[in-house]
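Participant: Going down the list, the sequences are from chains A, B and C. Note that the numbering used here has the first sequence beginning at 577, numbered continuously upward. Note that the numbering used here has the second sequence beginning at 6, numbered continuously upward. Note that the numbering used here has the third sequence beginning at 2, numbered continuously upward.
None of these hints come from the bench; they were simulated from the model. All C-beta atoms, glycine included, are put in the ideal place defined by N, C-alpha and C. Hints may contain errors.
To be verified - Simulated coverage check for chain B against chain A, where a stretch passes if three residues somewhere in it have a Cβ under 8 Å from a Cβ of chain A:
| hint | region |
| --- | --- |
| 1 | 169–176 |
| 2 | 216–224 |
Claimed, not checked - Across the chosen pairs, the derived CB separations fall in these ranges:
| hint | chain 1 | residue 1 | chain 2 | residue 2 | range |
| --- | --- | --- | --- | --- | --- |
| 3 | C | L156 | A | D702 | 53 to 63 Å |
| 4 | B | M254 | A | G711 | 38 to 48 Å |
| 5 | B | A116 | C | T19 | 28 to 38 Å |
| 6 | A | P611 | B | Q31 | 49 to 59 Å |
| 7 | B | G194 | C | P126 | 29 to 39 Å |
As the list claims (entries may be wrong) - Quick look at which bits of chain B chain C covers, simulated, 3 or more residues with Cβ under 8 Å:
| hint | region |
| --- | --- |
| 8 | 44–57 |
| 9 | 97–107 |
| 10 | 156–163 |
| 11 | 197–205 |
| 12 | 257–264 |
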Amino acid sequence: MRPRFQGPLFTLRGIQFDYPGCGPVLRGVDLALAPGQRLALTGSNGAGKSTLLWLMLGLLTPSRGEIVAFGKPRRVEADFTEVRRRAGLLFQDPDDQLFCPTVLEDCAFGPLSLGWSRAEAIAAADHTLEQLGLGHLRGRVTHQLSGGEKRLVSLATVLCMRPEVLLLDEPTNALDEHTRARLLAILDALPQAMLIVSHDRAFRERLASDEHQLRDGRIAPLAHPL
Amino acid sequence: MSHLGDPSAPLLGAGDRTHPARGPIQTLDPRARILAVIGFAGVVILLDQPVALGVALALALTVAALARLPLRRTLRQLAAMDAFVLLMLLMLPFTTPGHALFALGPLTASAEGLRLAVDIALTANAILLMLLALVGELDPVVIGHALHRLRMPTVLVQLLQFTVRYVGLIDAELDRMRIAMRARGFVPGTNWHTYRSLGYALGMLLVRSLERAERVLCAMKCRGFSGRFPVLDTLHFRRIDAGLAALTMLALTGLLLLEWRLG
Amino acid sequence: MHILDGALSLPVLLGASTLAVAGIAKGARELDLQRIPAAGLLSAVFFVASLVHVPIGPSSLHLIMNGLAGLILGWVAFPALFIGLLLQAVLFGFGGLTVLGVNTLNIALPAVIVFYLCRRGVAGPNATLAAVWGATAGALAIALTALGVAAVLALSGEAFIPAAKLVVIGHVPVMLVEGLLCAAAVTLIRRVRPDLLGVMSRSASASASARATAGADSRAPHSSPVQPPSEQPAPVFSEQPARLTR
Numbered sequence: 577m578r579p580r581f582q583g584p585l586f587t588l589r590g591i592q593f594d595y596p597g598c599g600p601v602l603r604g605v606d607l608a609l610a611p612g613q614r615l616a617l618t619g620s621n622g623a624g625k626s627t628l629l630w631l632m633l634g635l636l637t638p639s640r641g642e643i644v645a646f647g648k649p650r651r652v653e654a655d656f657t658e659v660r661r662r663a664g665l666l667f668q669d670p671d672d673q674l675f676c677p678t679v680l681e682d683c684a685f686g687p688l689s690l691g692w693s694r695a696e697a698i699a700a701a702d703h704t705l706e707q708l709g710l711g712h713l714r715g716r717v718t719h720q721l722s723g724g725e726k727r728l729v730s731l732a733t734v735l736c737m738r739p740e741v742l743l744l745d746e747p748t749n750a751l752d753e754h755t756r757a758r759l760l761a762i763l764d765a766l767p768q769a770m771l772i773v774s775h776d777r778a779f780r781e782r783l784a785s786d787e788h789q790l791r792d793g794r795i796a797p798l799a800h801p802l
Numbered sequence: 006m007s008h009l010g011d012p013s014a015p016l017l018g019a020g021d022r023t024h025p026a027r028g029p030i031q032t033l034d035p036r037a038r039i040l041a042v043i044g045f046a047g048v049v050i051l052l053d054q055p056v057a058l059g060v061a062l063a064l065a066l067t068v069a070a071l072a073r074l075p076l077r078r079t080l081r082q083l084a085a086m087d088a089f090v091l092l093m094l095l096m097l098p099f100t101t102p103g104h105a106l107f108a109l110g111p112l113t114a115s116a117e118g119l120r121l122a123v124d125i126a127l128t129a130n131a132i133l134l135m136l137l138a139l140v141g142e143l144d145p146v147v148i149g150h151a152l153h154r155l156r157m158p159t160v161l162v163q164l165l166q167f168t169v170r171y172v173g174l175i176d177a178e179l180d181r182m183r184i185a186m187r188a189r190g191f192v193p194g195t196n197w198h199t200y201r202s203l204g205y206a207l208g209m210l211l212v213r214s215l216e217r218a219e220r221v222l223c224a225m226k227c228r229g230f231s232g233r234f235p236v237l238d239t240l241h242f243r244r245i246d247a248g249l250a251a252l253t254m255l256a257l258t259g260l261l262l263l264e265w266r267l268g
Numbered sequence: 002m003h004i005l006d007g008a009l010s011l012p013v014l015l016g017a018s019t020l021a022v023a024g025i026a027k028g029a030r031e032l033d034l035q036r037i038p039a040a041g042l043l044s045a046v047f048f049v050a051s052l053v054h055v056p057i058g059p060s061s062l063h064l065i066m067n068g069l070a071g072l073i074l075g076w077v078a079f080p081a082l083f084i085g086l087l088l089q090a091v092l093f094g095f096g097g098l099t100v101l102g103v104n105t106l107n108i109a110l111p112a113v114i115v116f117y118l119c120r121r122g123v124a125g126p127n128a129t130l131a132a133v134w135g136a137t138a139g140a141l142a143i144a145l146t147a148l149g150v151a152a153v154l155a156l157s158g159e160a161f162i163p164a165a166k167l168v169v170i171g172h173v174p175v176m177l178v179e180g181l182l183c184a185a186a187v188t189l190i191r192r193v194r195p196d197l198l199g200v201m202s203r204s205a206s207a208s209a210s211a212r213a214t215a216g217a218d219s220r221a222p223h224s225s226p227v228q229p230p231s232e233q234p235a236p237v238f239s240e241q242p243a244r245l246t247r
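Kindly produce the complete structure, drawing on both the sequences and the hints.
Facilitator: Encoded structure:
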C-alpha cells in the first residue's frame, strides 16, 4: 500500500446539490474525514446521505461548494479518476455493484481497469477473497449468490483495489444477524478510514469513532455525541 | 430486497446448470460444442432426403441421450415447438400442388406436400434437439465466455453478459409487481384495466432498469472503468475436444454423402 | 411467432440473415461503452417481457413488445433483441438456430421503423395524443412483424402462402393487445422519466452518461421534470421508490 496521506483525506466545504423538481437536497455541507477516522453519518430517509457519498466520488456534481480529496481540489471528471481509485464506495444495493458474470471476474475488474496484469489482478482477487473467507465463492455466478454473500463479495471487489478510504452506504441493509456480525468483524479489523452511512445504531456504535447527523441539508451538531 | 430469497430460482442458469459434468457431453469444451451444433445445423438445413434427415435426427437423439438431457423438460420443449408448427405442417400437404395422395372433403393432400411437411418436422426437431443437448445445458455465463473466445464481437458479448447478469433480477422485480397487483385484488382478464396495468408494469420495469443501469455505470467508474471489459474464463481445449471436432466432421460428411447418394 | 429451422428456402434464409447482420452491426456501432450497461439491462427487460403471458379471451399470448423496444432503443433494438432471441433459442428452444437472423430481422426491423415513425409522436406535448402514438407504435410493430414472417414464408414457396395469410390474421389480436400495452407503458414513462424515450439512440452520446454522473441533472428535453418517488402516478407499484440514489 502506498504511504498513507497525512492531511485530511476529504474536505467538503459548502456543498449544495439539488435534484431537478425535488428542491435542494444539500444546502451547504461541511465535512472533513481524517486518516484513520471512522465517521458515522446519520439522517432520515431522503436526507441526502447517499447523494453526499456519490458527490465525494464525482458521480454527481454539486451545484455549489468545494470538494478537496487527498490534498487536491477536485472539480471535473478527470480529477475524480484518482479519487475513485483511492476511495472505495460500497453501494447500497450489491446488485448495482456486482455487474460481472462471475465473482472472480467482478473482483478482478477493478485491478484490471487500473492496468494491473492478468496474473496480478487474479492474485489480488484471490488474496482478498481468502482474507474475507470467501474463497469458496470464487467461481460462482454472481446472480446466484445469496443476499449476504452478495454484500460480502461487493466489499471484496472494493478491497481488491486497495483503497485508502471506505465509503459505506448502508452496509448492514437487509443482512441476517450472522452476516451482519461477520461484516462488522471484517470492517473492524481494517485499517482504512471510513465514512459510514447507516441506520443501524448498534453497528455505528461498534464501528465508528465520531458521528454526524445530516439534517435539513446540513451537518447538524449531535445532541448526544458518542 | 428480493435477492435475499432463494438464489436457486433465477430465470437463467436454473439450478441444475451449475452442477458439474453429469455425462460425457458435459466434459467437452463449450467452444467445441457450439461449433459442432452450428456445423450440424448448417448441414441439416441442406438435406432434403427424409432418410438422411432421419439419420440426422437419430444422431441428435444419440447425443441427447449421451448428454443425459432431462426427458420431461426436453419433451416439453420439443412439444412447445411442435404445437407451434403443427398447424402449418398439417396445412402443407393440402396447399402443395402435386400427386394426389388422399382427399379430405374438398381438399386433396399431395405426396410432395406431405414430404415437405415431414422434412420440416425432421429438420426442426433434429436441430433443436442437438442444440439442447450440446449447448442448452451450459450456463449462459460460460456461453458468453465461449462466444468471446470464438471471436463474437466484443460489444455483443458484453451485451450478452449484462443481459445474463440482470435478467433474473428483472424477472424477480416483475414478479413482485404482479404479486403486489394481485394482493390488491387484480385479476387478469381481457379488459382495458388489465392491459393498462401490465403496460404500466412494463413501463415501470423499463424505468427502474435504466436507473439501475445508471448506478451500474457509476459502480464501474468507481472501479476505474476505462473502457476495457476483462473476460476471465477457464476454458481449455483438450484432446477430447479435437476428437469431438473430428467426429463431427465425419458425421456431417456422412450426412451429406447420404443425401447425395439418395438424391 | 418464430419461424423454425427447415421451413425457409436457402436464398431467403441467407438474404434475411445478411440484412439482420447489417442491422446488428449498425446498432452495435451506436453502442459506446457508456451505454452498454443500459442496453444490456433493456435487452434483459425485453427478454423477460417476452416470457409474459397476457390473457386474451379464453387463451393467452406471449408478448413481443418490439414497438416499445424501438421507441426506447432505436437501432440498438437490433443487437438487444438479437441477444434475447439467442438466449431463447439456446436455453429454451424457442425458435430455431439457423433462423436466428430471420427472426431478428422480423422483430427488430419493425422496431426501428416504429422508432422513426412514432418517436416524435410519443414525445409530443399532449398526453392523449402521445398515448395514441404509443398504441400505434405497439400495433404497427406487430403488424410489420407479421407481414415480415408472412413475406419470408411466401418467398420460400407457394405452398406456404396460405400459412402466411394465417400468420397475418392470427396476429390481429396480438396487435390490439400490444398496442394497448404500449400506450400504457408510454403514458407511464412520460410521467415518470420522459427523458428515457429514445434514450439509447440520441446522437449525443452524452445523454446516458450525463444523467448518470448528474443524477437527474440532464433536464428532460420535454415538458415535465422528473418527479420524486412520492409523486409517482402509478400507485399499483409502490413497493420501491424508483430512485434509490438518495
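Participant: Each hint needs a verdict: does it hold in this structure or not?
Facilitator: Here's how the hints hold up against the structure:
no. : hint                         : in the structure
1   : 169–176                      : holds (count 5)
2   : 216–224                      : holds (count 5)
3   : C/L156 to A/D702: 53 to 63 Å : holds, 56 Å
4   : B/M254 to A/G711: 38 to 48 Å : holds, 42 Å
5   : B/A116 to C/T19: 28 to 38 Å  : holds, 34 Å
6   : A/P611 to B/Q31: 49 to 59 Å  : holds, 52 Å
7   : B/G194 to C/P126: 29 to 39 Å : holds, 33 Å
8   : 44–57                        : holds (count 5)
9   : 97–107                       : holds (count 4)
10  : 156–163                      : holds (count 4)
11  : 197–205                      : holds (count 8)
12  : 257–264                      : violated (count 0)
The earlier numbered hint that this structure contradicts is number 12, and it is the only one.
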